[in-house]
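Top to bottom, those sequences are chains A and B.
So the first sequence is numbered by this note's numbering: it starts at 1 and just counts up by one.
So the second sequence is numbered by this note's numbering: it starts at 1 and just counts up by one.
These are calculated hints, taken from the structure and not from any lab test.
Computed from a prediction, not measured in an experiment: that's the story for all the values here.
Every residue gets a Cβ at the ideal spot worked out from N, C-alpha and C, and that includes glycine.
Do not rely on the hints blindly, as some may be mistaken.
Sample of chain B residues lacking proximity to chain A, with all beta carbon distances greater than 12 Å (derived) [unchecked claim]: (1) K212; (2) V228; (3) L309.
Per the computed footprint, the stretches of chain A lying under chain B, defined by three or more beta-carbons under 8 Å from a beta-carbon of chain B, are [to be verified]: (4) 25-35; (5) 135-147; (6) 204-210; (7) 280-294; (8) 305-313.
Sample of chain B residues facing chain A (criterion: CB under 7 Å; computed from the structure) [claimed, not checked]: (9) I85; (10) Y89; (11) L139; (12) L171; (13) A179; (14) I256; (15) E283; (16) L285; (17) G297.
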Amino acid sequence: MGRNKSDLIVFVGKRLLQLLPVVLGVIVITFFFTHVAVQNPCAVWAGAHATADQVQACILRFGLNRPLTDQFWRYLTTLLSGDWGANPRGGVPVLLSISSAFPATLELVLASLFIMTVIGIPLGVVAANGAGRWADHLVRVFYLSGWATPTYLGAVVLAIAVGPAIGLPTKGDFTTKPPFYGPTHMSVLDALWALDFPAVGDALLHLVLPASALALLNLGIATRMTRTSMLEVLPLDFVKTARMKGLSDFVVLYKHALRNSLISTVTILGITAGVLLSGTVVIETIFQWPGIGAYAYDAITGYNFPGTIAVVIVFAVAVVISNLLSDVLYGILDPRVEWR
Amino acid sequence: MASATDSELGVDATPWTLLRGKASHLREILRPFIRVLRANPLTLIGFILVVIISTTALLVAIVPVISQVVLGHPVLLTPYDPNGISTDYSQAPSLKHLLGTDKLGLDIFSRVLAALPLDLAIGVGIAGFALLLGGGLGLVAGYWDKPRTLGGVISAVILRVTDVFLAFPSLVLALAIAASLGRGTGPSILAVLLTWWPYYVRLTRGEVLAVKHRPYVVAARAAGVSEVRILFRHVLRNLIEPLLVYYTLDIGTVIITFSTISFVGIGVPLDVSEWGTMVEAYEQLLLTHPWTVLAPGAAIFITVLAFSLFGDGLRDILDPRSRRTLVQAVAATTLPGQVAGAAEA
């Protein structure tokens, strides 16, 4: 194993192959949990005012009277043929909901990663530079506070108190129609695509609060990782040399030291993808963001089994892919890494 | 034997000097603790908060039970019955109601205090269960991972299953499980319990792999020490520190995750005092009656913060590497004169 392009391809290919058993396992676990634990989903699916006959018809229609393994094989074979199923209540195809919701979530997650990077990394540098002194303590209080605040609490405060107070939108009340229905399903890109610049501004404003609420939790992780890796780099000889040459503090810290410590920060950003995705379930519900987190919440609480399984598959694949991306990025940034 | 002790301590050995000898020995053991606490006042705050929170939770939980047995009636430590409706509707914080009341006249301070034992026990208990289960599986997967043996097969199975669980964002799986089981305290505990162990497998396995080929382990094996003894005395001993630090930090994460399930409305029922449930029940009152939301929110915040500070400090104390990094960094960023001072401190 080395660092050739072919080694990288083999590495990525192997990791993607490992994804298959993971996805299968995820499907099995979610399928059996939902189907075993919920006693009579048809009571929900057929509606609150359904007659006994209607419920019976629903049971027959969805094959709930058959053995569980039969139901599982039927689900798996239809899934493999490309049919993700439909919401038993209302019949909206799962794939349609997911494919329009995923880009919206991606937009939210990318915006919050941007906030994390722009605020978290400089704070980490400041903390490491003043390690053991007041700046360090202050930054530590800040990132631990972000860590100790439950996502939902930060989101509720931002959505109900802060947003209205500073005049930022807190709900999906876009001024332009239709947001999220352009070719990309991302509010900002769709507005750009339509060359509607007031709508771009409106979309950006709508992003600020949910993305900040989502970033709050992981801001601490970015800050902490930058601080730790900076602490490892700062005592090294090349940093001392740079200082002795008389370079300014700013150049030494941000050009010499930070470039070397960013490697581990980048990796951590990839690993936090899972945490961010979990966060979207709460954030999107509170801010009424039409993404996959809100869809996950609706599917889970509405006993939309095909929807729940689909959401979990998408989440699992997204987590594995972003871990893979961060590994690849790490290898590209650090020339000592070999693909294996 | 007695004469040797006398000669070591000098002729005027009194109980007092003996005690002083012990005290200085104790100080030697505590030195790293004291140094970290001095360098980092926040760690000290964390230690104190954890002690206060744990003691309060224990008292709130135990005193009613003991008084029931001794006095025949339960004595609540909360100023009011946390589920006792009163005519003091929607009152702002005052001396009578320290954190105000809600629309039903329930005393918020009493509810927040009554929730403390539940939330803390869930954090400590679920993380503890995950530590034991995940740690045990990780130990097996890391230690007996030789391919083409029974142990190798078992570890491969453990790792594949763990990979599946790690690919889930654990909150989503926990939500799905909790929603399927129906709203209740038990189901939501079970949901978090089932999803929390995988990371401990990965952590423990990584540490075992790092330790098991170290020269002292090889030397012990060469000297004929049994595998079980190596596992417990040489490998396990080195896992305690990283696992303990992670466990301490994890308590807060469990509390947040558990309260999130309650917050989205599929966890603890509304009539049970739990912090996440309280935030959910009162969230629309944030602008008009902010104390109802901010009090349970602050309770979670302080508890999680305390355990984070505690765990962070524990890492500094237990891990000599992170201690050295801190000192080196201080040395690297201060002037020569200050370095001398830092070295003395």
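Item to check | Hints not upheld, ascending by number | outcome: Of the numbered hints, 3, 6, 9, 10, 11, 16 do not hold.
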